[in-house]
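Residue numbers (this note's numbering), protein chains in the order written: chain E, 1 to 298; chain R, 1001 to 1289.
Quick caveat, the hints were computed from the structure, so don't treat them as lab data. Don't take each hint at face value.
Here are a few chain R residues that sit away from chain E, every Cβ distance over 12 Å (derived from the structure) [what the hints assert, rightly or not]:
id	residue
1	K1004
2	D1039
3	L1059
4	S1147
Straight-line distance between alpha carbons at most 30 Å, and here's what the computed BS3-like set of lysine-lysine pairs gives [as the list claims (entries may be wrong)]:
id	chain 1	residue 1	chain 2	residue 2
5	R	K1205	E	K124
6	E	K206	E	K124
7	E	K206	R	K1009
8	R	K1009	E	K124
9	E	K206	E	K129
Ideal Cβ placement from N, Cα and C applies to all residues, glycine included.
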Amino acid sequence: MTQSNTSMTRTRNTGKKEQAPVYSKAERKTRNAHLRGRFGLVLYLVLLLLPIYWLINMSFKTNTEILSGLSFFPEDFTLANYAKIFGDPTWYMGYVNSIFYVSMNMVISLLVALPAAYAFSRYKFIGDKHMFFWLLSNRMAPPAVFLLPFFQLYSSVGLFDTHIAVALAHCIFTVPLAVWILEGFMSGVPREIDETAYIDGYSFPKFFVRIFIPLIRSGIGVTAFFCFMFSWVELLLARTLTSVDAKPIAAIMTRTVSASGMDWGLLAAAGVLTILPGMLVIYFVRNHVAKGFALGRV
Amino acid sequence: MQTKVENNKAWFLVLPVFLIVAFSAIIPLMTVVNYSVQDIFDPYTRYFVGTEWFKQVMLDSRLQEALLRQFIYSFTIIIIEVPLGICVALMMPTKGRGASLALILVAIPLLIPWNVVGTIWQIFGRADIGLFGAFMSSIGVDYNYASDPTDAWLTVVLMDVWHWTPLVALLCYSGLRAIPEVYYQAARIDQASRWAVFRYIQLPKLTNVLIIGVLLRFMDSFMIYTEPFVLTGGGPGSSTTFLSQALVQQAIGQFDLGPAAAFSLVYFLIILLVCWVFYTTIMNMQKDK
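Only chain E is shown next, with the shape it has when bound in the complex (with noise of 0.2 Å):
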């Protein structure tokens, strides 16, 4: 906004430059306000990204080239840490754990939520205000908490170590958090049209699909993208909930610790990949996702 500010200032300046130096003055203020507001971003954007920018320099490099000195560009650019990964099974399939329980993660949030989200924000019902807070408390509980009864509780069912297990656990924060920005983006519609289509003629199940479905398209993309962001994210239930089958690639990194000191190449080039699909899925996103981080609330 401070964009528009200048140039809403500078076109009604051109006119009466001599008469109104005040405005002039105002103008340079502005304009300096927004070079410094530039600055400042630009700044944050650096410092924001430099650790980074190293974690990405640090996997072109060969182990003894990183324990030899710093440097900003890798002199002996190689691939080989990444080529370790992608040749080996045992790293690569970790991705594929992760994504499969995170996007098994995403589709049984929206399932369910969003009936409840529609439930929530068009209706009053008994206990509705304690079940929504309920819901929301969960998303308060400590995974640390929950750690040991979580295990026992999927070991029980049979389900450890599968991505199921992971995905349903991952379910206890991502649902709630679902049903909350849903309902935000639900409650953004206006009630006539769910009254005009009943008018109409459409049975319930058919409205939601056909018609309601499509008029929160962006809610629901943002809502998949903060079930992806915060399954994603998640290392201790991940790692406690799996032994092998279904083990997360963050887990498998811990593998670079032990041997013969620290394969920092190697863990550098397994910590980028996992920096790469979050930034695909920001992507798609990037047009809707301002509205979504307010919570659909605002």
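Following the hints, position chain R against chain E.
What follows is chain R alone, placed relative to chain E:
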């Protein structure tokens, strides 16, 4: 707000959510409650001990220290992240390519798995292979997060600021975008200063998102586990051992199920209490509108 229709059949729509969350929430929670009142030697030998563990946990000096550390930590990061996040949001462009680009770049840290965040800072902060560590020692600061408690503490705070300021920034950014252009035009006609625009137009509009931001930051920082675990392992000593980590040490490290369960419940109740206060505030504010 729109008036809602009273309809108890809506429960059928909520039922799937209820079932799926209940499976993963109520059963484990009841298990924890069950443990917290029993002394367990093995699956077949257990005694009912009542509130014994709760008393022990409340008086445990290690846990009290962890709790204090946790509060100081959460408070520190919120104090830093909220103003910084507002500043970043104010500086972000609103239109064109630059807006999308800035949005994506700012959001990156939020999408990195938490242990990778720990790894990034573990590497970045080391004096021999990391840029930050090398920079600190080149300007003559004896910096080592692995052995000095103050440095470890600062690194964990810095890491959290790096990791989570984007969340506050993006929340504020979306709040700012929702302000109609006419407000700014009116301010220009009144020749309002930049500060006045911020204080009387932008800040009031941001209150809602800021409460959500502080709520999320409080909850998440109060549950923080993975990042400090990877970075410092809770050390040196116990200078960066926060509540979650103290809990995991007790439950899995020493296998003290009873006290750990009692501790879990107290921990959960603290978060719940603070969040309930926040939630009621948000709801009341929305009602006022």
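Each hint tested on the structure:
1. K1004: Non-interface label fails for K1004/R: nearest chain E Cβ at 4 Å, not farther than 12 Å.
2. D1039: The claim stands: D1039/R keeps its Cβ more than 12 Å from every Cβ of chain E (closest is about 16 Å).
3. L1059: holds, 20 Å
4. S1147: Given that every Cβ of chain E is farther than 12 Å from that of S1147/R, nearest at about 17 Å, it holds.
5. K1205/R to K124/E: holds, 28 Å
6. K206/E to K124/E: holds, 22 Å
7. K206/E to K1009/R: holds, 18 Å
8. K1009/R to K124/E: Holds, at about 10 Å.
9. K206/E to K129/E: Holds. K206/E to K129/E sits at ~28 Å (cutoff 30 Å).
In summary, the one numbered hint that this structure violates is 1.
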